[in-house]
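Chains A and B supply the protein sequences, listed in that same order.
Numbering that gives the first Met the number 0 puts the first sequence at residues 0 to 77.
Numbering that gives the first Met the number 0 puts the second sequence at residues 0 to 718.
FYI, nobody ran anything at the bench for these hints, they're computed from the structure.
Selected chain A positions facing chain B (in silico; Cβ < 10 Å): (1) E22; (2) L25; (3) T43.
Ranges between beta-carbon positions, derived for each pair: (4) B:T524 to A:P17: 57 to 63 Å; (5) B:A88 to A:P17: 30 to 36 Å; (6) A:A6 to B:A573: 36 to 42 Å; (7) A:A5 to B:P80: 34 to 40 Å; (8) B:P171 to A:A6: 39 to 45 Å; (9) B:R276 to A:A6: 55 to 61 Å; (10) B:R143 to A:G33: 39 to 45 Å; (11) B:P171 to A:D40: 24 to 30 Å; (12) A:A6 to B:E433: 55 to 61 Å; (13) A:A5 to B:A88: 39 to 45 Å.
Everything numeric in this text was worked out from a predicted model, so none of it was measured.
Cβ atoms here follow ideal geometry from the backbone N, Cα and C, with glycine treated the same way.
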Amino acid sequence: MTVRAAAGGHIELVGACPSADAESLLQLLLADPGMTVDWRDCQTAHTAVVQVLMAVRPRLLGPPADARLKDWVAPAIA
Amino acid sequence: MNEFLQQFVIESRELVDAAGGGLLALEQSPRDAERLDEVFRAFHTLKGGAAIVEFAAMEAAMHAAEEVLAEARAGRRPLTPAGIGQCLAHLDRAAGWLDAIERSGELPEVAGGQPVQAPSVPAEHGVPDWVTDLVDRNRVAAARALTAIRFVPGVDCFYQGEDPLQRMISLPGLVALELTPRESWGAPATLDPFRCNLILTALSTAPAADLHGHLQGHSGDCGILPITTRVEDSAGSLPPHVMGVIEAQRAFLGEGSPQSFAGRVGAAGTVAANALRFCGRPESSERIFRATRQSLLALSVQPLRDALAQLLADETPAEAAAAADSVRATESLARTLRIDADQVDAVVRLAGELTVINNAIGHVTRLVRAGDPSAADLLKERQAALEHLVGELRRSALRMRVRPLRSVLQRFPRLVREMSANLRKPVKLVIVGEDTEADKTIVEMLFEPLLHLVRNAIDHGVEDSGERTAAGKLSTATLRIRAERSADRVLIEVSDDGAGIDVARVRNVALQRGLITEEQRLTLTEAEALDLIFAPGFSTSTKVTEISGRGVGMDAVRRAVERVGGHVSIRTVAGSGTAVKLSLPFSVMLSHVMTVEAGGQMFGLPLEAIIETTRVPQAAISKVGAAPVIVLRDRAMPVIDLAKVLGVEPQADVDGATLVVATANGECAAFQVDRIVERLDLILKPLEGLLAGTPGIMGTTLLGDGRVLLVLNIAEMLR
Numbered sequence: 000m001t002v003r004a005a006a007g008g009h010i011e012l013v014g015a016c017p018s019a020d021a022e023s024l025l026q027l028l029l030a031d032p033g034m035t036v037d038w039r040d041c042q043t044a045h046t047a048v049v050q051v052l053m054a055v056r057p058r059l060l061g062p063p064a065d066a067r068l069k070d071w072v073a074p075a076i077a
Numbered sequence: 000m001n002e003f004l005q006q007f008v009i010e011s012r013e014l015v016d017a018a019g020g021g022l023l024a025l026e027q028s029p030r031d032a033e034r035l036d037e038v039f040r041a042f043h044t045l046k047g048g049a050a051i052v053e054f055a056a057m058e059a060a061m062h063a064a065e066e067v068l069a070e071a072r073a074g075r076r077p078l079t080p081a082g083i084g085q086c087l088a089h090l091d092r093a094a095g096w097l098d099a100i101e102r103s104g105e106l107p108e109v110a111g112g113q114p115v116q117a118p119s120v121p122a123e124h125g126v127p128d129w130v131t132d133l134v135d136r137n138r139v140a141a142a143r144a145l146t147a148i149r150f151v152p153g154v155d156c157f158y159q160g161e162d163p164l165q166r167m168i169s170l171p172g173l174v175a176l177e178l179t180p181r182e183s184w185g186a187p188a189t190l191d192p193f194r195c196n197l198i199l200t201a202l203s204t205a206p207a208a209d210l211h212g213h214l215q216g217h218s219g220d221c222g223i224l225p226i227t228t229r230v231e232d233s234a235g236s237l238p239p240h241v242m243g244v245i246e247a248q249r250a251f252l253g254e255g256s257p258q259s260f261a262g263r264v265g266a267a268g269t270v271a272a273n274a275l276r277f278c279g280r281p282e283s284s285e286r287i288f289r290a291t292r293q294s295l296l297a298l299s300v301q302p303l304r305d306a307l308a309q310l311l312a313d314e315t316p317a318e319a320a321a322a323a324d325s326v327r328a329t330e331s332l333a334r335t336l337r338i339d340a341d342q343v344d345a346v347v348r349l350a351g352e353l354t355v356i357n358n359a360i361g362h363v364t365r366l367v368r369a370g371d372p373s374a375a376d377l378l379k380e381r382q383a384a385l386e387h388l389v390g391e392l393r394r395s396a397l398r399m400r401v402r403p404l405r406s407v408l409q410r411f412p413r414l415v416r417e418m419s420a421n422l423r424k425p426v427k428l429v430i431v432g433e434d435t436e437a438d439k440t441i442v443e444m445l446f447e448p449l450l451h452l453v454r455n456a457i458d459h460g461v462e463d464s465g466e467r468t469a470a471g472k473l474s475t476a477t478l479r480i481r482a483e484r485s486a487d488r489v490l491i492e493v494s495d496d497g498a499g500i501d502v503a504r505v506r507n508v509a510l511q512r513g514l515i516t517e518e519q520r521l522t523l524t525e526a527e528a529l530d531l532i533f534a535p536g537f538s539t540s541t542k543v544t545e546i547s548g549r550g551v552g553m554d555a556v557r558r559a560v561e562r563v564g565g566h567v568s569i570r571t572v573a574g575s576g577t578a579v580k581l582s583l584p585f586s587v588m589l590s591h592v593m594t595v596e597a598g599g600q601m602f603g604l605p606l607e608a609i610i611e612t613t614r615v616p617q618a619a620i621s622k623v624g625a626a627p628v629i630v631l632r633d634r635a636m637p638v639i640d641l642a643k644v645l646g647v648e649p650q651a652d653v654d655g656a657t658l659v660v661a662t663a664n665g666e667c668a669a670f671q672v673d674r675i676v677e678r679l680d681l682i683l684k685p686l687e688g689l690l691a692g693t694p695g696i697m698g699t700t701l702l703g704d705g706r707v708l709l710v711l712n713i714a715e716m717l718r
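Okay, chain A solo, but in the shape it has when bound (with noise of 0.2 Å):
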């Protein structure tokens, strides 16, 4: 699983996250808005899950380890 909820409140994408990824972020984030994510080890992010990050705008937390997502992606969404 590349998108998990992990304890203490927070969602975290892990790895290479496909576009199926985008559904099981957003039912975590609706079953709890409150929720942090974690994207602190995302390595690639669909564009349907950033999507959702923009969409739904919760607290972040990075930046991520991959450069282009780090210098483009979370500028973009911020």
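Starting from the structure of chain A, add chain B where the hints point.
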């Protein structure tokens, strides 16, 4: 521009405004059939006009919008926010085309009759708005970029296994990337995670040709445009008269004897460097300054002459052309002014009466020559009649320049709608007093400061809807812009019902930024502390947002307003909101001033700033440290010797001091002058050219005896 096209532009602009206003009203009440008809008719007339002038692209755009509205009218499909957005987009394009026509006098070259909303607009007819906006928001990156990319993936592209974001971040030479929702997100629960709702825009240092391959073969629309206008450059393009000054310095270097070498180099270098600094070119200025030093050390004019020549060579071709272009654009935009025929008739009638008076004065001149004793009385009588007529002519002329504020205020519903969607803060805009009138200059300068205030209010003032609900407020915030006329002032208030300003935080931030001392932090009154947000270099927002983080603070608002003789005040109540009030003169042209003499020179002080004039014995002025202070009516205030601060020789006055007490932005000071002369009503000319923006001076006017009177800006002098 031919008359026919001119008429088309004037009429179309009015229709575009009417349609835009109507569409926004429809968004509030989509079932308003009458409004719908009205908007439909506006689009229909626009389409008809475009067909008459044979402007196929605009005809097609208007037709497309008309279709959407026709469906709604027939009851086949309800008018959705998306549909309204579409119509507004068509209107925006039409407005852009009208601007282009007004600038060039010709129909823009647009691929005729093409269906609209294609984001890949050909660049020939000017730079599309999205490019300008993108470049504007990413100035540093844009300085290096060659290409702007806008990618709108198909909504179902995820099902086809596409990953648009991945494509964009893999582009060669990427220097900026922005993601914006195509439609506002709405509640998270309604989000369809597999529907792509993104617009991706980017800047790249790679040429357009290299990028085409990377974005080929995906679904959706893609626009790849070479960036032709470098915003960084044009922002600093030197006006022609400055070029003239620099050119003159270069010529000056070659003249004169070797004895005057140091003076000549020093003077030429300083003048050129100052001129550059005044036009916002600190780097070029610094370069010239260094070259001057080199020249002085090397005892040769060569380094400085080379630096000046280099500067002129860099500037001349492209930037001079761009500057000329923008000058033309502003001129042509200012040229059309719709004026009531009655007003024109009134001026023509006055012109006739002036001719009569002129003849009558001619008659008196002959009497004077003939030594007629009654001539003096007659002349006095005629002069009184002339004075009356001149006054009337001035009023009529000013009356022609009066515009309703509507032209500015009506732009805000659109902007607020967009900002509110971007920040996901529902905001209702209420505009009161659109019909309030003011001089054209005032109306035209208002947009920028108001935009800034509105942005601030929505971005920083209004809380998220969650916070609002928690605080027991309506989730939709209300933003009010209220305009009203009060005697010879126009008052405009922008108020929100947001969180208010945290004055304690303002104190802390001001301390951090070094604007106040620790002692001041504790002792400043609430109002004084609040006033700090107008200080240059103050911005409480810790993050830069797309909406308001563009590096202009409230100080820019205050400066713009004060430049035309207005002032800004702010009120805030924690938890219930903030109101910023602009008080502007109704007309910038006629000013009431008091003339005073200081150091043998005449200066004007704006009457509205003056509280009282008084004469006190020298002993009443005491010293606190080095600063002279006086207590008047139980209030201590600094005494400013006008001659000293303006660098003229003060005249000794042993008996006492003549003081003019003036106030601005809540601060008070007593200006010490040699003599108070008289009160004048005059038409102030703003400082132009290199002197434009000289701090402390509001403008100038010619006195009866031909001397130039400098009218001082009290607010800037007290700073």
